[in-house]
Amino acid sequence: MRLTETTSTTTTITPLLESPLRVENAAIRHLIEAGDHYIGIVRAGQTLRLVDVEGNEAADTLFFNAHDTAERYSAMDTVREQGQVYLGTGSRLLSGEGNLMLTITADTCGRHDTLGGACASESNTVRYDLEKRHMHSCRDNWMQAIANYPEFGLTKRDITHNINFFMNVPVTPEGGLSFADGLSGPGKYVEMEAAMDVVVLISNCPQLNNPCSGFNPTPLEVLVWD
Amino acid sequence: MTNSLSARDDVPDAYTTHLPGGQHWSLRLRRGTTLSLTAREADTNVGLLCYNPENLLERLNLPDTLKCQHTFKLTRGNCLYSDMGRVFASIVEDDLGWHDSVGGNLNRAHMITKGWQPVSFQQALNDRTQTGHDSFLVELAKYGLGRRDMAANLNLFSKVESDEAGRLRYVPGHCQPGQRVMLRFDMDTLVLLHTCPHPLDPSACYPHRGVDIALGTAPAPDEEDICWRACPENARGFANNRLYHLGLQGA
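Residue numbers (this note's numbering), protein chains in the order written: chain L, 38 to 263; chain W, 70 to 320.
Chain L extracted, bound-state conformation (with noise of 0.2 Å):
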């Protein structure tokens, strides 16, 4: 499923690192189907992991803080003081205001991407074409996830800038950007670990106008350990 012939640009990946958590022991398995959402919380000191179950899917994700949700995680902060564009292994997601919300712990994939933002039915028509606005998107997925579960309190001034888990989108000295390939494969994760108590909202890619999904979207699986 993956492409081979996108990118020439050299693939630096921070390093590797299985974790030591058992999947039998997992407080919450859920699965995420293509193309669909999932909300939740994740406690301060619980484990969350993301599984890329077929590869090459993006998880789109958004962070914010359970007790006061207007702070958020914020892709600027945390890309700044990391001093790094990518996440991988020991990134500090930060919110806006500063604070660390979770820790990446453990890592199988390599690269993370957190400067493309999410697919919308708007920015499609822009990139693609302007009759693909029909066409499923991350954006209106979390517009269902917000609407269908109006007890997190949140609304669209609260969908912003998300991590992408999964994704590959290098950025070059010269100032270019692309979406390349990604570096995920079938049973990559992603680990973190919660240092306040958050509410993920994912979105399962559904896009289908390049290679972030292989073209062919696939579900992701949620683990929380306590």
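These are calculated hints, taken from the structure and not from any lab test.
Using N, Cα and C, we set each Cβ at its ideal position, and we do this for glycine too.
Some hints could be false.
Here are some of the chain L residues that sit facing chain W, going by a computed Cβ distance under 7 Å [claimed, not checked]: (1) 122; (2) 123; (3) 127; (4) 135; (5) 154; (6) 159; (7) 208.
Far from chain W, by Cβ distances over 10 Å, these chain L residues were calculated [unchecked claim]: (8) 81; (9) 113; (10) 121; (11) 218.
Mind docking chain W on chain L? Use the hints.
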């Protein structure tokens, strides 16, 4: 086709002002107006955010802006996109070649970690040391907006580059005195500005570097426009603007 915006010396500015360093401002700019910013000093930084005054939920989206134009830097020929697939503004003139899309805002914690002594209004009156984060919160509050509405901002005049491994580096000396960037607004836009330092600015003390501002007018872009022609994505962005303005005079 002449580039109507090259007439920078013979079209009188409609309005000029100076925003001193470490300050903030917001204003509504109509479709067809231009905003020129000129640095007086090296390493000036101007934080910028855009909102649609008709629907404040529509706002500058830098990830959409970057990915649809396949760029990490912003310069002449680039458009600034809203999250609704429309073009707020186009960069029609640029002396710098690179404006930062990733650095975000100076916040209070930076003041401490950088060793920049925070200076209060009591101590220094309007030469106090404001942060970009607080500056935007003040301007946002004037329109009923707050923390939930703070999108990622552009840092005009600043450069943060990435190496092949993704390591980020602020480039001192990128902005030189007298350099200018001009935005043409392609839909009505609520513009928020601040002149607080870039969060990666390595200066020993909080620098106060202001910017000269000039407002003017420009004709609507057509197929010959440099930003329209820059990539097929921008042509589609302008098509979305045309749809949004359908029924308005000149749309």
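| query | Non-interface claim for residue 218 (chain L): all C-beta distances to chain W beyond 10 Å? | reply | Holds: least Cβ distance 16 Å, greater than 10 Å.
| request: Quick one: work out the minimum CB distance from residue 81 (chain L) to chain W and report holds if it exceeds 10 Å, violated otherwise. | output: holds (21 Å)
| Interface exclusion of residue 121 (chain L) relative to chain W, criterion Cβ beyond 10 Å | violated (5 Å)
| field | Interface restraint verdict for residue 208 (chain L) against chain W (beta-carbon cut-off 7 Å) | value | holds (4 Å)
| query | Do the numbers back the hint for residue 159 (chain L), that is, is its least Cβ distance to chain W under 7 Å? | reply | Interface hint status for residue 159 (chain L): holds (3 Å vs cutoff 7 Å).
| query | Quick one, is the residue 135 (chain L) hint okay against chain W at 7 Å, beta carbons? | reply | Given a least distance of 5 Å, the restraint on residue 135 (chain L) holds.
| request: Would you check whether residue 123 (chain L) satisfies its interface hint, that is, whether its CB is within less than 7 Å of any CB in chain W? | output: Holds, because the Cβ-Cβ distance from residue 123 (chain L) to chain W comes to roughly 5 Å (cut-off 7 Å).
| said: Does the closest beta carbon of chain W sit nearer than 7 Å to the beta carbon of residue 122 (chain L)? | reply: Check passed: Cβ of residue 122 (chain L) comes within 4 Å of chain W, closer than 7 Å.
| said: Given a cut of 7 Å on the nearest C-beta pair, is the interface hint for residue 154 (chain L) held or broken against chain W? | reply: Nearest chain W Cβ about 2 Å off; hint holds.
| message | Less than 7 Å between beta-carbons is the criterion; does residue 127 (chain L) satisfy it with respect to chain W? | response | At 13 Å from the nearest chain W Cβ, residue 127 (chain L) fails the 7 Å test, so the hint is violated.
| query | Minimum Cβ separation between residue 113 (chain L) and chain W greater than 10 Å? | reply | Residue 113 (chain L) not clear of chain W: closest Cβ-Cβ about 3 Å, inside 10 Å.
The structure fails hints 3, 9, 10 (numbered hints given earlier, in ascending order).
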